[in-house]
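J.: Work out the full structure: start from the sequences and follow the hints.
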Amino acid sequence: MSESVLTARTEPISRARRGFVRRWLGNPWRKPTILATVTWVYLAWSLIPLVVAIAVSFNVSRSISSVNPFSLHWWWSDPIDSLYHDPELHTAVIQSLKLSVTTMVIAVPLGVAFALGIDRWHGRPATGVNFVMLLSFVMPEIILGLSLFFVFSFVLKSVPLGTPAQILGLVTFQISYPVIIVRARLLTIGKDYEEAAMDLGATPKQSIRAVLLPMLYPAILASAAIVFADTIDDFVTVRYLSGPASSEPLSVKIYGAARAEPTPAVNAAATFMLLATLIVAALAYILYRVVTKGQRGGGVTDLATQF
Amino acid sequence: MDPKDLSRRNFLIRAGATAAAIPTLSAILDACTKPGATISGSSAFQIARPDNPVTLPMNGEPIATDTPIEQGATLEILNWSVYMWKYVLNQFIQQQSGNGIKFSGISTFNNMDEGVQKLQSGKVKADVFFPTIDVLGKLVAADLLQPLNHDLIPALQQDNWAAFQNPYYDQEWRYSVPYTIYTTGIGYRRDIIHDDVIHGMDNPWSILWDPQYKGQIGVYPSYRDVMAIALMKNGITDLNTGQDADLEKVRTDLLAMIDATSPLIAYDAAYNKLPKGKFAAVTAWSGDIVAAWGYNPPYTQSAYQNVGYWFPADRKGPIDNDLIAIPKNAEHPRLAHEFINYWIAFKNAMNNFSWNGYQPPQTKADVNALTHEQGLYSKQSSSWAAPTPYVGPWQPDAAVRESDFPIGYREGPLPADVDDRWHEIWSEFQAGVGQ
Amino acid sequence: MSVSSEAQPVRRRRPRRARAVDERVHYSRWFWPSFTIPATIWLAILFILPLYTVVSIAFGTVDPIFRNALPVYEPWWWSGEQFGRVLHDSFGFYRNVYIHTFEYVIVASAICLVLSYAVAYYVARYGGKRKALLLVLLIAPFFISYLMRMLAWINLLDTNGYVNKVMSFLHLTSHPVDWLGGRPFTVVMGLVYGYIPYMILPLYAFLDRIDPNLLEAGRDLGAGPARTFFRVTLPLSRPGILAALVIVSLPMFGDYYTQNLLSGSPKTTMLGNLIDEAVNSTGQGPKAAVFVLILMILVLIPMLYYMRSTARSLTTR
Numbered sequence: 030m031s032e033s034v035l036t037a038r039t040e041p042i043s044r045a046r047r048g049f050v051r052r053w054l055g056n057p058w059r060k061p062t063i064l065a066t067v068t069w070v071y072l073a074w075s076l077i078p079l080v081v082a083i084a085v086s087f088n089v090s091r092s093i094s095s096v097n098p099f100s101l102h103w104w105w106s107d108p109i110d111s112l113y114h115d116p117e118l119h120t121a122v123i124q125s126l127k128l129s130v131t132t133m134v135i136a137v138p139l140g141v142a143f144a145l146g147i148d149r150w151h152g153r154p155a156t157g158v159n160f161v162m163l164l165s166f167v168m169p170e171i172i173l174g175l176s177l178f179f180v181f182s183f184v185l186k187s188v189p190l191g192t193p194a195q196i197l198g199l200v201t202f203q204i205s206y207p208v209i210i211v212r213a214r215l216l217t218i219g220k221d222y223e224e225a226a227m228d229l230g231a232t233p234k235q236s237i238r239a240v241l242l243p244m245l246y247p248a249i250l251a252s253a254a255i256v257f258a259d260t261i262d263d264f265v266t267v268r269y270l271s272g273p274a275s276s277e278p279l280s281v282k283i284y285g286a287a288r289a290e291p292t293p294a295v296n297a298a299a300t301f302m303l304l305a306t307l308i309v310a311a312l313a314y315i316l317y318r319v320v321t322k323g324q325r326g327g328g329v330t331d332l333a334t335q336f
Numbered sequence: 112m113d114p115k116d117l118s119r120r121n122f123l124i125r126a127g128a129t130a131a132a133i134p135t136l137s138a139i140l141d142a143c144t145k146p147g148a149t150i151s152g153s154s155a156f157q158i159a160r161p162d163n164p165v166t167l168p169m170n171g172e173p174i175a176t177d178t179p180i181e182q183g184a185t186l187e188i189l190n191w192s193v194y195m196w197k198y199v200l201n202q203f204i205q206q207q208s209g210n211g212i213k214f215s216g217i218s219t220f221n222n223m224d225e226g227v228q229k230l231q232s233g234k235v236k237a238d239v240f241f242p243t244i245d246v247l248g249k250l251v252a253a254d255l256l257q258p259l260n261h262d263l264i265p266a267l268q269q270d271n272w273a274a275f276q277n278p279y280y281d282q283e284w285r286y287s288v289p290y291t292i293y294t295t296g297i298g299y300r301r302d303i304i305h306d307d308v309i310h311g312m313d314n315p316w317s318i319l320w321d322p323q324y325k326g327q328i329g330v331y332p333s334y335r336d337v338m339a340i341a342l343m344k345n346g347i348t349d350l351n352t353g354q355d356a357d358l359e360k361v362r363t364d365l366l367a368m369i370d371a372t373s374p375l376i377a378y379d380a381a382y383n384k385l386p387k388g389k390f391a392a393v394t395a396w397s398g399d400i401v402a403a404w405g406y407n408p409p410y411t412q413s414a415y416q417n418v419g420y421w422f423p424a425d426r427k428g429p430i431d432n433d434l435i436a437i438p439k440n441a442e443h444p445r446l447a448h449e450f451i452n453y454w455i456a457f458k459n460a461m462n463n464f465s466w467n468g469y470q471p472p473q474t475k476a477d478v479n480a481l482t483h484e485q486g487l488y489s490k491q492s493s494s495w496a497a498p499t500p501y502v503g504p505w506q507p508d509a510a511v512r513e514s515d516f517p518i519g520y521r522e523g524p525l526p527a528d529v530d531d532r533w534h535e536i537w538s539e540f541q542a543g544v545g546q
Numbered sequence: 057m058s059v060s061s062e063a064q065p066v067r068r069r070r071p072r073r074a075r076a077v078d079e080r081v082h083y084s085r086w087f088w089p090s091f092t093i094p095a096t097i098w099l100a101i102l103f104i105l106p107l108y109t110v111v112s113i114a115f116g117t118v119d120p121i122f123r124n125a126l127p128v129y130e131p132w133w134w135s136g137e138q139f140g141r142v143l144h145d146s147f148g149f150y151r152n153v154y155i156h157t158f159e160y161v162i163v164a165s166a167i168c169l170v171l172s173y174a175v176a177y178y179v180a181r182y183g184g185k186r187k188a189l190l191l192v193l194l195i196a197p198f199f200i201s202y203l204m205r206m207l208a209w210i211n212l213l214d215t216n217g218y219v220n221k222v223m224s225f226l227h228l229t230s231h232p233v234d235w236l237g238g239r240p241f242t243v244v245m246g247l248v249y250g251y252i253p254y255m256i257l258p259l260y261a262f263l264d265r266i267d268p269n270l271l272e273a274g275r276d277l278g279a280g281p282a283r284t285f286f287r288v289t290l291p292l293s294r295p296g297i298l299a300a301l302v303i304v305s306l307p308m309f310g311d312y313y314t315q316n317l318l319s320g321s322p323k324t325t326m327l328g329n330l331i332d333e334a335v336n337s338t339g340q341g342p343k344a345a346v347f348v349l350i351l352m353i354l355v356l357i358p359m360l361y362y363m364r365s366t367a368r369s370l371t372t373r
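Protein chains in written order, with our numbering: chain A, 30 to 336; chain R, 112 to 546; chain D, 57 to 373.
Be a bit skeptical, because a hint or two may be false.
BS3-like, lysine-lysine: derived pairs with alpha carbons at most 30 Å apart [stated by the list, open to error]: (1) D/K187 / A/K60; (2) D/K185 / A/K60; (3) D/K187 / A/K322; (4) R/K213 / R/K490; (5) R/K325 / D/K187; (6) A/K127 / R/K490; (7) R/K213 / R/K439.
Here are the simulated distance ranges between beta carbons [stated by the list, open to error]: (8) A/V89 / D/R368: 55 to 63 Å; (9) A/L101 / R/D357: 27 to 35 Å; (10) A/F49 / D/L228: 30 to 38 Å; (11) D/L290 / A/T62: 15 to 23 Å.
To be clear, the hints were calculated from the coordinates, so they are not data collected in a lab.
For every residue, glycine included, the Cβ atom is placed at its ideal position computed from N, Cα and C.
T.: This is the structure:
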């Protein structure tokens with residue numbers, strides 16, 4: 030008698046408990062807790078080390094493995110090693126900025142022009158040229174960097190290793206980014222607007238300037254921002270093509286210092302670079318929103334699909 | 112010909128192809144001879160040995176004594192990393208500020224191969240370069256260095272040891288001045304390996320092969336030094352050997368080291384990783400061990416005393432000195448001479464020594480006093496580090512004496528094919544075979 | 057009569073040009089191709105020529121003093137000596153390096169894939185109001201120097217660093233672990249950390265484009281979430297997965313700095329390290345060139361696949 034009462038009481042509960050998990054798994058409209066957890070854990074894993082690295086730059090002591098706030102010692106107090114006083118770190122930061130801006134200014138127009146041309150050009154030579162452009166996009170950077178080093182050492186000897194070689198190399202590496210981004214955009218734009226403009230009497234050149242280019246501004250901006258960001262921490266190419274100490278950008282200095290005993294001044298320099306890049310990115314985003322007013326294709330979500 | 116072929120398009124294509132072909136035609140004519148090894152300069156460089164001193168050929172004239180110091184120059188230095196104290200450098204820069212001197216950092220390398228590579232490829236147009244003895248002959252043969260004007264560097268004769276007055280590798284000091292002196296031995300943690308243990312061993316060189324310290328052994332990325340230690344372990348004292356039997360022993364020993372102790376390669380193995388406890392024993396240059404205190408948190412006396420140095424008691428081991436030279440393509444040779452004279456002057460050399468740990472061969476320095484005199488860097492670091500003399504008394508073997516040189520073993524230049532074989536063995540070691 | 061007088065002005069207003077590329081649009085033949093000329097010349101000189109130089113060095117000779125590379129530009133003088141020597145050593149003592157490289161790249165790519173797919177899927181399907189914020193956080197690593205991110209990990213993985221502190225706090229280990237001392241685990245996780253942002257965004261873009269109606273249809277037909285995923289979502293995202301895998305594994309093959317920063321041991325040497333070490337010593341120029349060629353051959357197929365998928369995505373909607 031008592032047994033049956035016991036079993037009668039426990040059975041429905043355990044069945045319900047078993048069923049709970051199954052029902053939870055089987056509910057198509059449940060909240061995606063596992064995925065959400067994974068995502069937020071990933072974001073934490075991705076960004077917390079950076080917070081620590083930034084915090085270390087404000088350390089009081091020389092230690093880089095623990096955080097002891099708060100001091101601007103490594104930012105400008107120390108007369109030899111701080112970011113403000115150390116000529117090595119200065120030159121490195123300035124070199125990084127110099128390289129990125131110059132590369133952006135050269136690579137984006139070349140790439141945009143190429144994208145416009147290749148999109149409308151058909152035929153075998155076009156396929157060949159397109160092949161070369163795509164090859165430069167997919168090639169691992171070490172191959173590109175080394176081959177450029179060899180070419181500047183043996184063939185194009187008039188180009189000195191250092192800033193000139195680095196700029197030439199970086200543009201070669203980056204030129205495919207604007208091409209890809211602008212072509213993707215051209216695909217969504219199509220030829221209708223130009224044709225409409227020409228039906229209304231514009232010459233080809235006018236229709237490009239007045240109709241096509243304005244529609245491409247978001248893509249051009251996005252590619253400029255990407256080229257800037259990619260170049261500012263480029264490492265492989267600039268290291269092989271660097272010359273005198275003044276041509277080593279911050280990425281190379283960090284690499285050299287990281288394997289030795291880096292002081293928090295290196296973290297300070299990297300944080301400074303980060304700030305500069307974020308400011309440029311924010312400016313680019315603001316411009317992007319301004320330019321895409323009224324166009325479909327503005328907003329962060331669409332920007333993300335450009336990658 | 113078909114009229115179609117004469118269309119404008121085809122014509123342009125053919126014309127373009129022909130135009131492109133014309134330069135290659137002349138190149139083809141040039142290329143009718145097989146490309147060989149024709150290089151400028153004498154192809155046979157002299158192999159210098161202590162019993163075979165070498166007078167290097169003069170590649171042109173040194174700069175004139177009355178050359179003015181270049182104005183507005185950016186001083187370019189190509190040196191090992193972590194070898195020059197910024198403080199002393201800054202003092203030089205300030206001293207020369209009247210000449211508008213600029214400085215944006217030292218170009219560095221982590222092993223001599225890399226350094227020569229940077230110099231040769233024209234990557235760095237250095238005003239001053241710091242080679243080792245084994246590459247000096249090659250650099251002169253390849254016309255990469257310029258002869259020095261000794262009137263501009265009086266400190267050389269005044270301050271340096273007699274042993275360096277007319278060195279075997281560069282008689283008359285035509286191209287180089289001595290920079291620092293050091294021995295190559297074993298650096299070790301005195302708290303893990305007691306002094307008696309290592310001093311009591313039959314063959315202390317073999318401690319790097321002791322499986323007891325697996326995962327705690329570090330070696331330099333410098334093929335000459337690590338292979339020299341393998342040679343010393345086998346009792347072979349010719350550190351420039353090209354004998355097959357010797358090299359084979361080195362090869363098997365290096366591969367055995369990987370199995371036995373899984374060493375790591377690090378250029379800062381001795382001055383940085385050893386004090387931080389990452390290693391128990393490392394290949395070490397004496398200067399690295401002397402400088403280790405500055406990388407040894409919490410910077411107390413007891414922390415400093417954990418780092419020891421072993422070198423054979425009879426002082427018969429690898430010993431050498433580094434050099435300063437001026438590259439041929441230096442843009443500011445007069446400034447370079449000024450710099451060298453400044454850098455080897457007694458006060459500056461000792462200050463630099465207090466920071467980088469590498470003794471300069473200074474006549475005015477009393478070697479016996481080094482273990483109880485405090486250097487400038489130690490004085491300046493009083494806010495965060497306990498005081499320490501130039502050379503800690505717990506590392507007496509790390510001090511170098513003039514008497515060590517005649518009995519020690521020098522690493523000299525290797526003939527190209529022998530060098531090739533040394534590099535092969537080193538590549539094999541680096542590739543981590545035998546795990 | 058009136059019709060023809062109207063027709064004439066129309067004809068005169070459309071001037072005839074040379075044969076057009078597109079029928080309805082009147083451009084000269086060379087109009088569009090001329091846009092591509094600057095970039096083409098640039099690539100010819102600074103991309104094609106360097107690759108040819110690499111081949112010339114790999115099949116060239118050496119100088120007698122420093123054993124430096126002497127490139128040979130004429131194909132008929134090319135000698136396979138350097139190539140043969142390196143190939144022989146590759147099957148000999150470098151074999152393990154190749155094995156490692158493949159191991160690390162495959163494992164790291166697999167981890168990247170699983171993790172990025174989960175994150176991209178979540179953001180694409182369940183992002184909702186927070187989508188913009190999530191995307192900003194995901195894009196952020198692009199604007200942060202790769203080296204700074206590695207530097208951050210060097211700080212954390214130090215023997216006295218926070219990782220060890222947390223692990224001993226949670227009693228996971230009895231003594232500090234030496235993370236930076238030559239562990240394949242550290243190198244693989246370093247690769248994952250470094251390259252995962254490059255995978256998440258393309259995957260997100262791809263998953264975002266999957267029509268949610270298809271998933272609803274699957275559900276309407278009775279499939280639970282798991283079955284919908286395996287039967288509908290996964291097959292649809294296959295091209296995206298392949299492309300993302302290639303995007304990430306290609307640079308990993310040539311990576312050397314992650315290994316150098318997070319390990320120092322010959323045991324975790326990768327192919328990129330062999331190349332880098334060869335360049336940085338005298339007399340190893342030809343060796344470096346040969347390794348570069350070998351690397352190119354090894355990644356040729358993924359490269360071609362990537363090129364094709366990119367080309368296709370640029371010409372078809």
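J.: Which hint numbers doesn't this structure obey?
T.: Hints 5, 6, 9 contradicted; others consistent.
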